[in-house]
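Sequential numbering from 2 applies to the sequence shown in the numbering used here.
Source of the hints: derived by calculation from the structure; they are not laboratory data.
What you are looking at is a predicted structure, and each value in this text was computed from that prediction instead of being measured.
What follows is a set of in silico ranges between Cβ atoms, one per label pair, in the way DEER data are often shown: (1) S18 / K76: 18 to 28 angstroms; (2) N59 / G9: 20 to 30 angstroms; (3) Q82 / S117: 14 to 24 angstroms; (4) K76 / W108: 13 to 23 angstroms; (5) I29 / Q110: 14 to 24 angstroms; (6) S26 / S118: 29 to 39 angstroms; (7) V101 / G16: 30 to 40 angstroms; (8) Q40 / Q4: 16 to 26 angstroms; (9) G54 / S88: 28 to 38 angstroms.
In silico SDA-like cross-links for lysine to any residue, where the CA-CA straight-line distance does not exceed 25 angstroms: (10) K87 / Y60; (11) K76 / G10; (12) K76 / Q4; (13) K76 / R20; (14) K76 / R51; (15) K76 / V102; (16) K87 / S63.
For every residue, glycine included, the Cβ atom is placed at its ideal position computed from N, Cα and C.
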Amino acid sequence: QVQLVESGGGLVQAGGSLRLSCTVSGSIFSIDTVAWYRQVSGNQRELVARITGGGTTNYAESVEGRFTISRDNAKNTVYLQMNSLKSEDTAVYYCNLVQVVYGSAHWGQGTQVTVSS
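Could you build the full structure based on these sequences and the hints that come with them?
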């Protein structure tokens with residue numbers, strides 16, 4: 002059974018930083034694609050950043066240059082380093098894993114990030 006556990010959310014002032022973590026179990030993590038999405042209540046979930054098993058990354062335009070996604074395959078963990086946070090970054094952040102072998106997608110429970118202006 003695939004499980005994703007997120008941590009690292011919280012309250013931070015505008016201009017500050019947070020680092021989110023997503024630890025995965027039950028999958029061949031090193032080859033899977035992992036992404037961070039975010040959702041504001043009433044809106045659609047949007048892609049923030051993605052990293053493939055080979056380390057290729059892509060970012061939403063709104064976070065390019067401020068956020069960095071990385072992975073530690075030895076720890077089955079993906080990180081999202083968020084710098085220069087803005088009030089519009091406030092959302093619930095979700096970790097998403099797509100299993101390369103099965104093509105199935107899995108979600109974490111979400112972690113709240115609140116940026117005060």
